[in-house]
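Keeping their order, the protein sequence lines are chains R and P.
Note that numbering that gives the first Met the number 0 gives residue 311 to position 312 of the first sequence, counting from 1, and the numbers run on in steps of one.
Note that numbering that gives the first Met the number 0 gives residue 20 to position 21 of the second sequence, counting from 1, and the numbers run on in steps of one.
Check each hint, because a few of them may be wrong.
Stated by the list, open to error - Think about it this way: if two alpha-carbon atoms lie no more than 30 Å apart in a straight line, the pair counts; the simulated DSSO-like pairs of lysine-lysine are:
{"hint": "1", "chain 1": "R", "residue 1": "399", "chain 2": "R", "residue 2": "172"}
{"hint": "2", "chain 1": "R", "residue 1": "30", "chain 2": "P", "residue 2": "150"}
{"hint": "3", "chain 1": "R", "residue 1": "603", "chain 2": "R", "residue 2": "575"}
{"hint": "4", "chain 1": "R", "residue 1": "399", "chain 2": "R", "residue 2": "727"}
{"hint": "5", "chain 1": "P", "residue 1": "150", "chain 2": "R", "residue 2": "727"}
{"hint": "6", "chain 1": "R", "residue 1": "172", "chain 2": "R", "residue 2": "311"}
{"hint": "7", "chain 1": "P", "residue 1": "1", "chain 2": "R", "residue 2": "22"}
{"hint": "8", "chain 1": "R", "residue 1": "172", "chain 2": "R", "residue 2": "30"}
{"hint": "9", "chain 1": "P", "residue 1": "150", "chain 2": "R", "residue 2": "22"}
{"hint": "10", "chain 1": "R", "residue 1": "440", "chain 2": "R", "residue 2": "727"}
{"hint": "11", "chain 1": "R", "residue 1": "311", "chain 2": "R", "residue 2": "179"}
{"hint": "12", "chain 1": "R", "residue 1": "440", "chain 2": "R", "residue 2": "788"}
To be verified - Distance windows between CB atoms, simulated:
{"hint": "13", "chain 1": "P", "residue 1": "81", "chain 2": "R", "residue 2": "713", "range": "32 to 42 Å"}
{"hint": "14", "chain 1": "R", "residue 1": "606", "chain 2": "P", "residue 2": "53", "range": "45 to 55 Å"}
{"hint": "15", "chain 1": "P", "residue 1": "116", "chain 2": "R", "residue 2": "450", "range": "38 to 48 Å"}
{"hint": "16", "chain 1": "R", "residue 1": "787", "chain 2": "P", "residue 2": "121", "range": "54 to 64 Å"}
{"hint": "17", "chain 1": "R", "residue 1": "672", "chain 2": "P", "residue 2": "157", "range": "27 to 37 Å"}
{"hint": "18", "chain 1": "R", "residue 1": "441", "chain 2": "P", "residue 2": "80", "range": "46 to 56 Å"}
{"hint": "19", "chain 1": "R", "residue 1": "168", "chain 2": "P", "residue 2": "157", "range": "49 to 59 Å"}
{"hint": "20", "chain 1": "R", "residue 1": "241", "chain 2": "P", "residue 2": "122", "range": "49 to 59 Å"}
{"hint": "21", "chain 1": "R", "residue 1": "59", "chain 2": "P", "residue 2": "120", "range": "36 to 46 Å"}
{"hint": "22", "chain 1": "P", "residue 1": "116", "chain 2": "R", "residue 2": "484", "range": "55 to 65 Å"}
{"hint": "23", "chain 1": "P", "residue 1": "116", "chain 2": "R", "residue 2": "445", "range": "47 to 57 Å"}
{"hint": "24", "chain 1": "P", "residue 1": "120", "chain 2": "R", "residue 2": "400", "range": "37 to 47 Å"}
{"hint": "25", "chain 1": "P", "residue 1": "53", "chain 2": "R", "residue 2": "432", "range": "21 to 31 Å"}
{"hint": "26", "chain 1": "P", "residue 1": "121", "chain 2": "R", "residue 2": "441", "range": "24 to 34 Å"}
Hints were generated in silico from the structure; no laboratory data involved.
Since the structure is predicted, the reported quantities are computational estimates derived from the model, not experimental observations.
C-beta atoms are modelled at their ideal positions from N, C-alpha and C, and glycine is treated no differently.
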Amino acid sequence: MSTTSVLGGIVRRREDPALVRGKGRYVDDVKFPGELAVAFVRSPFAHARITSIDTSAAAAMDGVHAVYTIDDVRHLGPVPAQVPIGTLRPLLADGTVHHVGEAVAMVVADDRYVAQDAAELVVVDYDPLPAVVDLEEALRDEVQAHEGKSNVLLTWHGQDWWPGVTDELVDPKPQIEEAKAREDTVVVSLRMTNQRLLPTMIEPRVTVANWNGGYGAFEIWSATQIPHALAGAIGKIFGLPSNKVRVVAPEVGGGFGAKLNIYPEDILCAFASQQLERPVRFVETRREAAVATIQGRGWVGTATLVGTRDGKILGYELEAICDMGAYSHNFTVAIPALGLFVAPGQYDIPTHYELHCVVTNLPTTDAYRGAGRPEAAYYLERIIDHYARTIGMDPAEVRKRNFWPPDAFPVTTSVGLTMDSGDYARNLDALLEWADYEGMKRRRDEARAEGRLVGVGLGTYVEVCGFGPSALAGLGFSWSEYGMPSAFNGSGVVRVNPDGTCTVIIGTGPSGQGHETTWSQIVAEELGIELDAIEVLHGDTAESPFGVGTFGSRSLAVDGTAAFEAASRVRAKAAKIAAHLLEAAPEDIRFADGGAHVAGSPDKAVTWGEIATSAYQPHTLPEGMEGGLEATAVFSPPNATWPFGAHLAMVEVDPDTGNVEILEYWAMDDCGNVVNPMIVAGQIHGGIAQGIGQAMFEHAVYDEDGNLLSAALMDYPMPTAGDLPSFKLNRTTTPTDVNPLGVKGIGEAGTIGSAQTIVNAVVDALAPLGIEHVDMPLRPRAVWEAIQKARG
Amino acid sequence: MKISVTVNGTRYERDVEPRTLLVHFLREDLGLTGTHVGCDTSYCGACTVLVDGRSVKSCTFLAVAADGAEITTVEGLAADGELHPVQEGFWERHGLQCGFCTPGMIMSSVALLEENPSPSEAEIRHALEGNLCRCTGYHNIVLAVQYAAAKLRGEQPPPADWEEVGA
Chain R
0 MSTTSVLGGI
10 VRRREDPALV
20 RGKGRYVDDV
30 KFPGELAVAF
40 VRSPFAHARI
50 TSIDTSAAAA
60 MDGVHAVYTI
70 DDVRHLGPVP
80 AQVPIGTLRP
90 LLADGTVHHV
100 GEAVAMVVAD
110 DRYVAQDAAE
120 LVVVDYDPLP
130 AVVDLEEALR
140 DEVQAHEGKS
150 NVLLTWHGQD
160 WWPGVTDELV
170 DPKPQIEEAK
180 AREDTVVVSL
190 RMTNQRLLPT
200 MIEPRVTVAN
210 WNGGYGAFEI
220 WSATQIPHAL
230 AGAIGKIFGL
240 PSNKVRVVAP
250 EVGGGFGAKL
260 NIYPEDILCA
270 FASQQLERPV
280 RFVETRREAA
290 VATIQGRGWV
300 GTATLVGTRD
310 GKILGYELEA
320 ICDMGAYSHN
330 FTVAIPALGL
340 FVAPGQYDIP
350 THYELHCVVT
360 NLPTTDAYRG
370 AGRPEAAYYL
380 ERIIDHYART
390 IGMDPAEVRK
400 RNFWPPDAFP
410 VTTSVGLTMD
420 SGDYARNLDA
430 LLEWADYEGM
440 KRRRDEARAE
450 GRLVGVGLGT
460 YVEVCGFGPS
470 ALAGLGFSWS
480 EYGMPSAFNG
490 SGVVRVNPDG
500 TCTVIIGTGP
510 SGQGHETTWS
520 QIVAEELGIE
530 LDAIEVLHGD
540 TAESPFGVGT
550 FGSRSLAVDG
560 TAAFEAASRV
570 RAKAAKIAAH
580 LLEAAPEDIR
590 FADGGAHVAG
600 SPDKAVTWGE
610 IATSAYQPHT
620 LPEGMEGGLE
630 ATAVFSPPNA
640 TWPFGAHLAM
650 VEVDPDTGNV
660 EILEYWAMDD
670 CGNVVNPMIV
680 AGQIHGGIAQ
690 GIGQAMFEHA
700 VYDEDGNLLS
710 AALMDYPMPT
720 AGDLPSFKLN
730 RTTTPTDVNP
740 LGVKGIGEAG
750 TIGSAQTIVN
760 AVVDALAPLG
770 IEHVDMPLRP
780 RAVWEAIQKA
790 RG
Chain P
0 MKISVTVNGT
10 RYERDVEPRT
20 LLVHFLREDL
30 GLTGTHVGCD
40 TSYCGACTVL
50 VDGRSVKSCT
60 FLAVAADGAE
70 ITTVEGLAAD
80 GELHPVQEGF
90 WERHGLQCGF
100 CTPGMIMSSV
110 ALLEENPSPS
120 EAEIRHALEG
130 NLCRCTGYHN
140 IVLAVQYAAA
150 KLRGEQPPPA
160 DWEEVGA
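Sequences and hints are given; from them, build the entire structure.
Here it is as structure tokens:
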């Protein structure tokens with residue numbers, strides 16, 4: 000099945016031989032001599048004053064090396080954040096706990112069993128305070144999640160903070176109000192919840208910090224999406240230069256945004272290691288992951304749409320309350336803004352957002368796959384469906400009447416951002432024809448005639464990703480607290496070694512996305528070198544150029560492009576060396592099949608080994624040429640990228656149980672050029688599964704006191720193999736010119752496109768009963784209750 | 000307590016604390032880190048191993064309960080450097096992304112195919128309900144098991160549906 004080459008070809012993953020043998024190296028597989036383990040004492044209250052902490056019994060236990068509270072670490076400051084709006088998290092609770100699971104004390108012991116035993120002996124007295132859990136209550140601000148501080152951090156409705164936004168933007172609000180007041184328009188409105196989710200990567204968080212007092216340096220192994228940021232933060236907190244902190248993120252067992260944060264446990268392990276001069280390891284338990292790792296989504300809002308009776312949308316508004324949780328982490332308040340960036344979706348419609356970011360006594364929310372964009376796509380695509388049903392028009396037709404036409408690009412949307420490319424009608428038409436939309440609707444109608452509840456649902460999306468633009472960091476996203484330059488660049492090194500093999504070094508690291516294979520394909524194509532001659536190193540700050548991190552579907556568009564550009568520079572130098580060796584002109588040199596030849600004379604050829612040998616023996620090089628054969632490239636993207644797509648589902652609801660079965664799922668995505676179609680398909684499969692997980696199963700449920708009722712996987716039903724169908728995937732290709740590869744990003748697209756597709760299909764199935772909306776997750780009971788209510 | 004177990008064909012005699020979990024014994028006493036811990040409640044299945052031929056979640060199984068047993072972990076599947084057909088299927092069909100659930104997923108698949116050499120898609124999905132994957136959406140895991148099943152039956156595996164895509 001696999002091809003040897005390369006760009007656009009299916010290549011089996013180079014990561015897999017180790018991983019399928021159980022030889023992959025994850026953080027918890029790498030041990031240091033003399034390691035200690037930690038366990039945390041965590042708050043059972045969502046909001047309480049700490050009246051006393053007694054650590055004496057724990058500290059006296061055999062095998063316990065230290066028990067720390069905030070008094071030991073207050074001088075280190077809070078956990079750094081990129082968008083430092085709101086209360087930053089103290090390393091350990093400082094006088095008051097603000098959510099269940101907040102760490103109060105840390106025990107360091109010989110092993111995890113002893114550490115857990117000792118943690119049980121720490122006695123903490125609490126004086127409970129009222130907890131803020133409900134979002135509307137939070138917005139009223141009568142009870143405060145942090146005493147003396149407003150719950151409302153800010154309201155996003157701005158248009159004026161993205162690079163290149165002009166002052167000429169028209170405020171859409173008066174246009175929308177005018178359209179609503181007209182007699183010939185229809186106004187539809189739905190209040191909808193986008194529930195809280197647990198990221199649930201299968202590898203929980205894990206960090207081991209190793210301070211070496213002799214060298215005055217840290218070596219930290221951590222399952223992180225941002226190794227350079229962790230190194231920078233540790234350096235800043237402990238007063239060390241960046242080259243005295245090495246962070247290694249080896250294999251990372253899933254991230255989905257949850258590992259895109261520095262956590263207190265990372266910093267506390269470093270602190271304890273420095274204090275005790277021993278390596279110190281934190282391995283998160285699944286139950287801890289449910290309360291101490293960031294969570295996703297958590298919006299409740301009302302979407303309103305105004306349009307004519309013949310399907311022309313004249314305005315769209317969303318007013319929502321967004322749950323930030325108790326403390327602000329890396330991006331927390333910026334996540335809803337990512338939704339605002341794509342608020343109008345694929346449509347040329349006046350759009351107005353008001354997103355109130357409120358603090359609650361619940362764990363922090365931050366980036367979870369899609370991060371703001373699934374929320375935005377959900378509200379928009381649900382209300383468009385509702386509008387289509389209200390005016391009696393096919394939902395595909397309504398969408399087509401309001402798309403940006405392909406010849407309008409680049410377009411500046413109603414919220415002030417410029418999308419470089421898109422061809423939405425072609426994409427949707429391709430989906431409808433391929434999936435036989437008309438036939439699907441016919442089959443639905445036939446099933447309905449038999450009394451079955453079958454529905455067809457459509458959803459489209461546009462995603463902003465590939466972050467970039469480089470200057471984004473100057474507009475509220477600052478990496479300065481991580482001791483990093485504030486720019487969203489990519490960087491890569493390509494080195495041809497003396498034996499003609501090639502090493503690619505990237506400053507970021509994957510958490511399952513197949514970067515080793517993809518970067519190899521890009522470099523192999525550019526150099527005409529065999530894939531097997533390429534080795535990719537990643538996720539190690541000591542050896543790599545500076546990398547921002549793996550998130551926001553940015554790696555290929557930004558770091559992959561840097562690898563490409565570095566390879567191009569190596570190729571240019573190699574062409575000169577080959578020309579010298581072959582006594583030809585550099586412009587006549589062609590690279591293929593593991594070497595270089597003169598155009599038109601395939602027998603006048605040298606191998607990469609011969610070129611490299613010459614490169615490392617400068618006396619054999621052309622006069623004045625420097626030795627060596629490597630290049631570093633930094634790529635600064637001028638814009639984000641804007642993938643898009645359309646998804647279609649057919650479902651059946653069991654009226655007696657409320658159970659939803661997905662009969663068919665079709666997706667037509669457009670992520671620009673594709674490097675490896677197999678990896679792209681895998682990203683879409685997983686993305687869709689996470690969107691379906693939100694639509695049908697997952698919900699972080701809290702009681703009124705802020706206790707998580709779904710902390711164990713038994714109570715938090717992320718989809719199993721038996722819950723999901725196989726997916727039918729296809730794609731259109733609309734390249735971007737934001738980067739030389741024409742690639743956009745695919746990591747989050749499936750998630751952004753799927754939840755509303757499922758809910759639209761289920762609501763379509765229930766429409767004959769007069770049901771207009773059911774909130775996610777569409778578990779059997781919720782659907783059954785909606786049916787009972789509709790039937791009176 | 001003293002226990003004696005055979006793991007991947009090698010016999011080990013060890014003294015373990017009675018509360019030691021089998022997964023910790025495998026990972027930390029024997030250094031077999033291919034078996035992963037994803038939860039601590041037998042739910043995610045990342046820690047699945049074969050104990051006397053039956054799939055067992057080693058995070059809720061005491062090492063002392065394995066006394067006298069024959070255990071196979073993911074490291075014990077490949078023979079003479081050749082991947083087991085299930086391992087090959089996961090590689091060929093892109094049945095893994097981050098790879099963390101993969102060892103457990105592979106062991107459950109091996110157990111399934113030993114019981115049922117020709118499972119339907121529904122049977123594969125049902126058999127793997129005790130193994131969670133957050134990356135793949137299970138689509139390619141099903142293809143991987145189908146690939147392995149065909150290989151084990153001596154048949155040509157069916158092609159993957161994503162090999163011919165592009166509107």
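Structure-based check of all given hints:
1. At roughly 24 Å between alpha-carbon atoms, residue 399 of chain R and residue 172 of chain R fall within 30 Å of each other, so this suggested pair holds.
2. In summary, the hint linking residue 30 of chain R to residue 150 of chain P is not supported, as the alpha carbons are separated by about 38 Å, beyond the 30 Å threshold.
3. For the hint linking residue 603 of chain R to residue 575 of chain R, the alpha-carbon distance of about 15 Å falls within 30 Å, and the restraint holds.
4. Under the criterion of a C-alpha separation no larger than 30 Å, the hint pairing residue 399 of chain R with residue 727 of chain R is consistent with the structure, at around 22 Å.
5. A hinted pair counts as satisfied when its Cα atoms are at most 30 Å apart, and residue 150 of chain P with residue 727 of chain R qualifies at roughly 25 Å.
6. Proximity of residue 172 of chain R to residue 311 of chain R is assessed by CA-CA distance (about 17 Å); at most 30 Å being required, the pair is judged to hold.
7. Distance restraint check for residue 1 of chain P and residue 22 of chain R: the Cα-Cα separation of roughly 28 Å lies within the 30 Å cut-off, and the hinted pair is therefore satisfied.
8. About 59 Å separates the Cα atoms of residue 172 of chain R and residue 30 of chain R, which puts this hinted pair outside 30 Å; it is violated.
9. Restraint check: the Cα-Cα separation between residue 150 of chain P and residue 22 of chain R comes to about 23 Å, which is no more than 30 Å; the hinted pair holds.
10. Restraint check: the Cα-Cα separation between residue 440 of chain R and residue 727 of chain R comes to about 18 Å, which is no more than 30 Å; the hinted pair holds.
11. Restraint check for residue 311 of chain R and residue 179 of chain R: the C-alpha separation of about 13 Å stays at or below 30 Å, so the hint holds.
12. The straight-line distance between the Cα atoms of residue 440 of chain R and residue 788 of chain R is roughly 26 Å, inside the 30 Å bound, and the hint therefore holds.
13. Between residue 81 of chain P and residue 713 of chain R the C-beta distance comes to about 38 Å, which sits within the given range of 32 to 42 Å.
14. Range check, residue 606 of chain R to residue 53 of chain P: Cβ separation about 53 Å, and the 45 to 55 Å hint holds.
15. Distance hint check for residue 116 of chain P and residue 450 of chain R: the Cβ-Cβ separation is about 40 Å, which falls inside the suggested range of 38 to 48 Å.
16. Evaluation of the 54 to 64 Å hint for residue 787 of chain R and residue 121 of chain P yields a failure: the beta carbon distance comes to about 30 Å.
17. For the pair residue 672 of chain R and residue 157 of chain P, the supplied restraint of 27 to 37 Å holds, since their beta-carbon distance comes to about 28 Å.
18. Under the hint 46 to 56 Å, the C-beta atoms of residue 441 of chain R and residue 80 of chain P, about 55 Å apart, fit the expected range.
19. Take residue 168 of chain R and residue 157 of chain P: their Cβ atoms lie about 53 Å apart, and the range 49 to 59 Å holds.
20. Separation of residue 241 of chain R from residue 122 of chain P is about 54 Å and conforms to the stated range, judged on CB atoms against 49 to 59 Å.
21. Hint check: residue 59 of chain R to residue 120 of chain P, Cβ distance near 58 Å, so the stated range 36 to 46 Å is violated.
22. Separation of residue 116 of chain P from residue 484 of chain R is about 57 Å and conforms to the stated range, judged on CB atoms against 55 to 65 Å.
23. Our hint of 47 to 57 Å for residue 116 of chain P and residue 445 of chain R is violated, since their Cβ atoms are close to 38 Å apart.
24. For the pair residue 120 of chain P and residue 400 of chain R, the supplied restraint of 37 to 47 Å holds, since their beta-carbon distance comes to about 39 Å.
25. At roughly 49 Å, the beta-carbon separation of residue 53 of chain P and residue 432 of chain R lies outside the given 21 to 31 Å, and the hint is violated.
26. For the hinted restraint 24 to 34 Å between residue 121 of chain P and residue 441 of chain R, the CB-CB distance of approximately 26 Å keeps it satisfied.
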